[in-house]
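> So the protein sequences, as listed, match chains A and B. According to our numbering, the first sequence holds residues 1 to 464 in order. According to our numbering, the second sequence holds residues 1 to 496 in order.
The hints are simulated quantities; they were obtained by calculation from the structure and are not laboratory data. Hints are supplied without guarantee of correctness; some may be wrong.
According to the in silico footprint, chain B covers these stretches of chain A (three or more CB under 8 Å from chain B) [as the list claims (entries may be wrong)]:
id: 1; region: 128–134
id: 2; region: 404–417
Label pairs and their calculated CB-CB ranges [as the list claims (entries may be wrong)]:
id: 3; chain 1: B; residue 1: Val193; chain 2: A; residue 2: Gln437; range: 42 to 48 Å
id: 4; chain 1: B; residue 1: Ala201; chain 2: A; residue 2: Lys141; range: 52 to 58 Å
id: 5; chain 1: B; residue 1: Thr449; chain 2: A; residue 2: Val449; range: 35 to 41 Å
id: 6; chain 1: B; residue 1: Glu280; chain 2: A; residue 2: Gln437; range: 52 to 58 Å
id: 7; chain 1: A; residue 1: Gln437; chain 2: B; residue 2: Trp459; range: 43 to 49 Å
id: 8; chain 1: A; residue 1: Asn184; chain 2: B; residue 2: Val193; range: 37 to 43 Å
id: 9; chain 1: B; residue 1: Val193; chain 2: A; residue 2: Pro186; range: 37 to 43 Å
id: 10; chain 1: A; residue 1: Leu464; chain 2: B; residue 2: Ile6; range: 37 to 43 Å
id: 11; chain 1: B; residue 1: Val193; chain 2: A; residue 2: Gly93; range: 38 to 44 Å
id: 12; chain 1: B; residue 1: Glu280; chain 2: A; residue 2: Gly459; range: 37 to 43 Å
id: 13; chain 1: A; residue 1: Gly178; chain 2: B; residue 2: Thr217; range: 56 to 62 Å
id: 14; chain 1: B; residue 1: Thr4; chain 2: A; residue 2: Val441; range: 34 to 40 Å
id: 15; chain 1: A; residue 1: Gln437; chain 2: B; residue 2: Pro481; range: 49 to 55 Å
id: 16; chain 1: B; residue 1: Thr4; chain 2: A; residue 2: Asn184; range: 43 to 49 Å
Calculated pairs, SDA-like style, for lysine to any residue (alpha carbon to alpha carbon, straight line, at most 20 Å) [as the list claims (entries may be wrong)]:
id: 17; chain 1: A; residue 1: Lys288; chain 2: A; residue 2: Asp344
id: 18; chain 1: B; residue 1: Lys71; chain 2: A; residue 2: Phe393
id: 19; chain 1: B; residue 1: Lys71; chain 2: A; residue 2: Phe456
id: 20; chain 1: B; residue 1: Lys159; chain 2: A; residue 2: Asp344
id: 21; chain 1: B; residue 1: Lys312; chain 2: B; residue 2: Lys71
Think of the CB as a built atom: it goes at the ideal place given N, C-alpha and C, for glycine as much as any other residue.
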Amino acid sequence: MNAILFSAIWGVLMMFCGAFVKSKAVPRYIALTGIVLLFAMNAMELNSGLPLFNIDPAEMLRTNSFNLSFLAIVFGATLFYFLLSGSEVEKVGEHVAEYFALMFFVLCGISLMATFNTLLILFIGVEIMSIPLYILTGSDKRNLKSNEASLKYFLMGCFSTGIMLMGITFIYGGNPNGSFYINNIPMGTGDMPVMIATGLIFLLVSMAFKVSAAPFHFWTPDVYDGAPTVFTSFMSTIVKAAGFFAFLRLFEQVFGVMHAQWQMLIVVITAATLLIGNLTAVFQQSVKRMLAYSSIAQAGFMLLALFALNDKAKEGILLYSAAYSLSTIGIFAVLLKMEDYTVDGFNGLAKKQPILALVATIFLLSLTGIPLTAGFQAKFYMLMAAVENGQQFWLVIFAVLMAAVSAYYYFRVIQAMYFKEPGTSSLVNSAGNSGFQALLVVLAILILVLGVYPEFLIGWMYHL
Amino acid sequence: MLGTYITFPELLIWLPLLLGIISFFTSTGKAAKNLALAGSFLVLAVSVTTLFYTDIQAHHKYNNVNYYWLKYIGNSFNIGIDSTGRLLSFLTALAFPLIFLGTYRHDMKNAPAYFGLMLLAQAGLMGVFLAKDALVFYFFWELALIPVYFLCSQWGGEKRIPVTFKFFVYTFVGSLLMLIGILYVYQHTAARVFEDGTSSAHSFALAHFMNAQLTATEQNCLFWLFFVAFAIKMPIFPFHTWQPDTYDQSPTPVTMVLSGIMVKMGLFGVIRWLIPIFPEAADKFDSIIIFFSITGILYASAIAWMQDNLKKLVAYSSIAHIGLMCAALFTGREMGVQGMMIQMFTHGVNIIGLWLVVDMIERKTGVRQISQLGGLASRAPFLTIMLVVVALANIALPLTNAFPGEFLMFAGLFQFNTWYAVTAGIGIILSAVYTLNMIQKIFYGETNTVTSTVGDISWNEKLTLAVIVLIIFITGVYPQPLIDLTRDALPMIVTK
Numbered sequence: 001m002n003a004i005l006f007s008a009i010w011g012v013l014m015m016f017c018g019a020f021v022k023s024k025a026v027p028r029y030i031a032l033t034g035i036v037l038l039f040a041m042n043a044m045e046l047n048s049g050l051p052l053f054n055i056d057p058a059e060m061l062r063t064n065s066f067n068l069s070f071l072a073i074v075f076g077a078t079l080f081y082f083l084l085s086g087s088e089v090e091k092v093g094e095h096v097a098e099y100f101a102l103m104f105f106v107l108c109g110i111s112l113m114a115t116f117n118t119l120l121i122l123f124i125g126v127e128i129m130s131i132p133l134y135i136l137t138g139s140d141k142r143n144l145k146s147n148e149a150s151l152k153y154f155l156m157g158c159f160s161t162g163i164m165l166m167g168i169t170f171i172y173g174g175n176p177n178g179s180f181y182i183n184n185i186p187m188g189t190g191d192m193p194v195m196i197a198t199g200l201i202f203l204l205v206s207m208a209f210k211v212s213a214a215p216f217h218f219w220t221p222d223v224y225d226g227a228p229t230v231f232t233s234f235m236s237t238i239v240k241a242a243g244f245f246a247f248l249r250l251f252e253q254v255f256g257v258m259h260a261q262w263q264m265l266i267v268v269i270t271a272a273t274l275l276i277g278n279l280t281a282v283f284q285q286s287v288k289r290m291l292a293y294s295s296i297a298q299a300g301f302m303l304l305a306l307f308a309l310n311d312k313a314k315e316g317i318l319l320y321s322a323a324y325s326l327s328t329i330g331i332f333a334v335l336l337k338m339e340d341y342t343v344d345g346f347n348g349l350a351k352k353q354p355i356l357a358l359v360a361t362i363f364l365l366s367l368t369g370i371p372l373t374a375g376f377q378a379k380f381y382m383l384m385a386a387v388e389n390g391q392q393f394w395l396v397i398f399a400v401l402m403a404a405v406s407a408y409y410y411f412r413v414i415q416a417m418y419f420k421e422p423g424t425s426s427l428v429n430s431a432g433n434s435g436f437q438a439l440l441v442v443l444a445i446l447i448l449v450l451g452v453y454p455e456f457l458i459g460w461m462y463h464l
Numbered sequence: 001m002l003g004t005y006i007t008f009p010e011l012l013i014w015l016p017l018l019l020g021i022i023s024f025f026t027s028t029g030k031a032a033k034n035l036a037l038a039g040s041f042l043v044l045a046v047s048v049t050t051l052f053y054t055d056i057q058a059h060h061k062y063n064n065v066n067y068y069w070l071k072y073i074g075n076s077f078n079i080g081i082d083s084t085g086r087l088l089s090f091l092t093a094l095a096f097p098l099i100f101l102g103t104y105r106h107d108m109k110n111a112p113a114y115f116g117l118m119l120l121a122q123a124g125l126m127g128v129f130l131a132k133d134a135l136v137f138y139f140f141w142e143l144a145l146i147p148v149y150f151l152c153s154q155w156g157g158e159k160r161i162p163v164t165f166k167f168f169v170y171t172f173v174g175s176l177l178m179l180i181g182i183l184y185v186y187q188h189t190a191a192r193v194f195e196d197g198t199s200s201a202h203s204f205a206l207a208h209f210m211n212a213q214l215t216a217t218e219q220n221c222l223f224w225l226f227f228v229a230f231a232i233k234m235p236i237f238p239f240h241t242w243q244p245d246t247y248d249q250s251p252t253p254v255t256m257v258l259s260g261i262m263v264k265m266g267l268f269g270v271i272r273w274l275i276p277i278f279p280e281a282a283d284k285f286d287s288i289i290i291f292f293s294i295t296g297i298l299y300a301s302a303i304a305w306m307q308d309n310l311k312k313l314v315a316y317s318s319i320a321h322i323g324l325m326c327a328a329l330f331t332g333r334e335m336g337v338q339g340m341m342i343q344m345f346t347h348g349v350n351i352i353g354l355w356l357v358v359d360m361i362e363r364k365t366g367v368r369q370i371s372q373l374g375g376l377a378s379r380a381p382f383l384t385i386m387l388v389v390v391a392l393a394n395i396a397l398p399l400t401n402a403f404p405g406e407f408l409m410f411a412g413l414f415q416f417n418t419w420y421a422v423t424a425g426i427g428i429i430l431s432a433v434y435t436l437n438m439i440q441k442i443f444y445g446e447t448n449t450v451t452s453t454v455g456d457i458s459w460n461e462k463l464t465l466a467v468i469v470l471i472i473f474i475t476g477v478y479p480q481p482l483i484d485l486t487r488d489a490l491p492m493i494v495t496k
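Taking the hints into account, I'd like the entire structure generated from these sequences.
Structure (structure tokens):
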């Protein structure tokens, strides 16, 4: 509750700040203050269970320790993102304060998506999250690729929103109680009613679009590649994790009892996402584009949570959000410093910038899922959930084989950094100051800590 | 203090880990080298001490430790030394000082990182042999791989990057399949209650794994999920294709780690996890696995015979030896298994000796083609004597350490199936052929331009080889201590 109000207020504040402050650095500090406060307020609510303001949301929102811990992960990751890449935001264009404002609105949308208790709030949340993203994607105004990406994202996004609204309508129509509340949609015991089933499929399609699951992933590489890199980092991590969280909550709480009837759909989508994401990522030469495809591949792993739909899956989605967001934000922060975004651009980085190379290696190992990193624990929990589910054992085997494929493209970067000789040109445009490097080290240590002891995060989920 | 604050298994893992991390921060190569050498002797000292604390009851508190770790999912950091892993952890502790000493005069570029990674690999390997919890085992299983991956790719030969990556992907696929297997067994284990009252629905503990409720079909499928991981690591035919290239391209000290210790991880996985968890499945598929092992022996021996590249020759001979060990293990007969248990140790010692000699030859002459060498005996007499001893141990001549093990393994194989034993016996003959052939071509005959300027080896190399030869003879004449150290493990593994 705190988060929704505060992120919206701070977004407005940032906009005004854009009108009054001429300096480029000041908005970043205001945004940093905002995100720290946001994190703190959410932590207070998670700790005590009580929001600061006593507003009655008429049951339209539901906060519990599960979604509050997810929000804590989101704000924590955003904090790291602002700290590491905030100065890059200033380089995108003139309207720095607006960019930050838009990101706060995105966070507001995410907060709604994390706590929704009716389908209407879900819809509003998704929209509040998406619209600022369309703008951020196109924020590099003079760049044709950025414009193209923005337009593509906007059109496809509108289309999927339309489908989502249609789905909600069908479910409302098929609900004898005539209610949007997700705990008030009876499913019966036999086969699903046609209206509900249609609604389910529409919702599935639109959510799959939001999390870029195959075969609804076609926008992802172009948008992620075309958007300014600093915003790609934001979109492919925090926003994507939020999409999954809402996806999981929606399907668990509304359609959970009918799991057996739609599980096969998820199996197909998961397998396709894993296959397409991983195989296409193998062929990419640009690290940025590789990360775009790898984000599809990672989405495939996260979909295992929907496939399994048990307690382990919920723990897994929290861990996965944290592990994947932190690792990807880290690797993007390093990428932003590189002169050349191709794999060859990383050649010999370990000799010239040992710290950057070391932390990048840890982030990549985490994305691959090597033990002692958070990424391993995340994949491990997902696999555990999927095995516990007991159905479709082949999918689990397929998922780990695809994880092995992912080693190929992540390790290519490691190989370039450590085992190849650097060229004559300078590899990085700036190695960042010591603060930046220290922060990357902190992030890497955090990833290792999560890899050794993930239960401190999971413990929060059962806190209240 | 011992047993209250710290235990042997902790020392064996944390010491190399800590020293490895310190090594990264040493300023000069020489400091790192000395640190690694001293540290590895320290670990060896601890490990030698563990050989005297073997009583299961009385020394339990020195040999076992159990921390809470991931309680919600029924995992604890449980490590311990028992008769299954004791000899192998000793081998790990013994191998590294020998390797560091034998290669003391090598100049490694970026030595602090090199020695750091070597010590981390030692810590990982120790963990594999000491873990008593499936998740801990999996952790160390992967962690042993990562330093070795970096070592091979950074300090290896020309084609090191693709070759090492092939090795990495092979083992990574194997271990992920094993992870699925572990998770599946985990779902069928009993609930676990910790001492502080936390409980979890299932458990990763070895003891719980052995009592998992699995149907025959499930056992059969899971058996293969685990076995593929172990078979790739050993490697046995047809999963061996990564091995000759990797051995050839890795820097020799790393090859010693790979062939001396890492391949034992696969065999160890079978005796610690596979057979105790799936005894019926192991019984059911023994014939198939022995068939592949023996095919591997013949195939690898034949290639070794034709091989001109010295390093690849040793690599293929290693595949043949591992094949025999795997075959003996799956006979399920007491003699075969006992022979394999001691052979894991002796093969580790011998192969490290063999690699040392090969490395010395390569360093002195600059070539690894057997056909280009000749007449080294007159130039380097000490080296020749050492190589002959090690090579004879490699073909298991009586009085060398490999003989008792090989004898027992053949006895077990003979009990299992006469024809298998006879076929595997051809492998022994072939191994004599290619080994003697190699000695003849390298050391005897005329010296040529490559070998005429070679001098004998330096004192540290002499010392290392002398120690290895000493071990070869002592354990060859009196193998009883090795048998005593491993005997208690047999009831778990002997299925017939």
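> Now, for every hint given, state plainly whether the structure supports it.
Quick rundown of the hints versus the structure:
{"no.": "1", "hint": "128–134", "result": "violated (count 0)"}
{"no.": "2", "hint": "404–417", "result": "holds (count 5)"}
{"no.": "3", "hint": "B/Val193 to A/Gln437: 42 to 48 Å", "result": "holds, 46 Å"}
{"no.": "4", "hint": "B/Ala201 to A/Lys141: 52 to 58 Å", "result": "holds, 55 Å"}
{"no.": "5", "hint": "B/Thr449 to A/Val449: 35 to 41 Å", "result": "violated, 59 Å"}
{"no.": "6", "hint": "B/Glu280 to A/Gln437: 52 to 58 Å", "result": "holds, 56 Å"}
{"no.": "7", "hint": "A/Gln437 to B/Trp459: 43 to 49 Å", "result": "holds, 45 Å"}
{"no.": "8", "hint": "A/Asn184 to B/Val193: 37 to 43 Å", "result": "holds, 39 Å"}
{"no.": "9", "hint": "B/Val193 to A/Pro186: 37 to 43 Å", "result": "holds, 39 Å"}
{"no.": "10", "hint": "A/Leu464 to B/Ile6: 37 to 43 Å", "result": "holds, 39 Å"}
{"no.": "11", "hint": "B/Val193 to A/Gly93: 38 to 44 Å", "result": "violated, 59 Å"}
{"no.": "12", "hint": "B/Glu280 to A/Gly459: 37 to 43 Å", "result": "holds, 40 Å"}
{"no.": "13", "hint": "A/Gly178 to B/Thr217: 56 to 62 Å", "result": "violated, 49 Å"}
{"no.": "14", "hint": "B/Thr4 to A/Val441: 34 to 40 Å", "result": "holds, 36 Å"}
{"no.": "15", "hint": "A/Gln437 to B/Pro481: 49 to 55 Å", "result": "holds, 53 Å"}
{"no.": "16", "hint": "B/Thr4 to A/Asn184: 43 to 49 Å", "result": "violated, 60 Å"}
{"no.": "17", "hint": "A/Lys288 to A/Asp344", "result": "holds, 13 Å"}
{"no.": "18", "hint": "B/Lys71 to A/Phe393", "result": "violated, 26 Å"}
{"no.": "19", "hint": "B/Lys71 to A/Phe456", "result": "holds, 11 Å"}
{"no.": "20", "hint": "B/Lys159 to A/Asp344", "result": "holds, 18 Å"}
{"no.": "21", "hint": "B/Lys312 to B/Lys71", "result": "violated, 46 Å"}
Violation of the numbered hints given earlier is confined to hints 1, 5, 11, 13, 16, 18 and 21; the remaining hints are satisfied by the structure.
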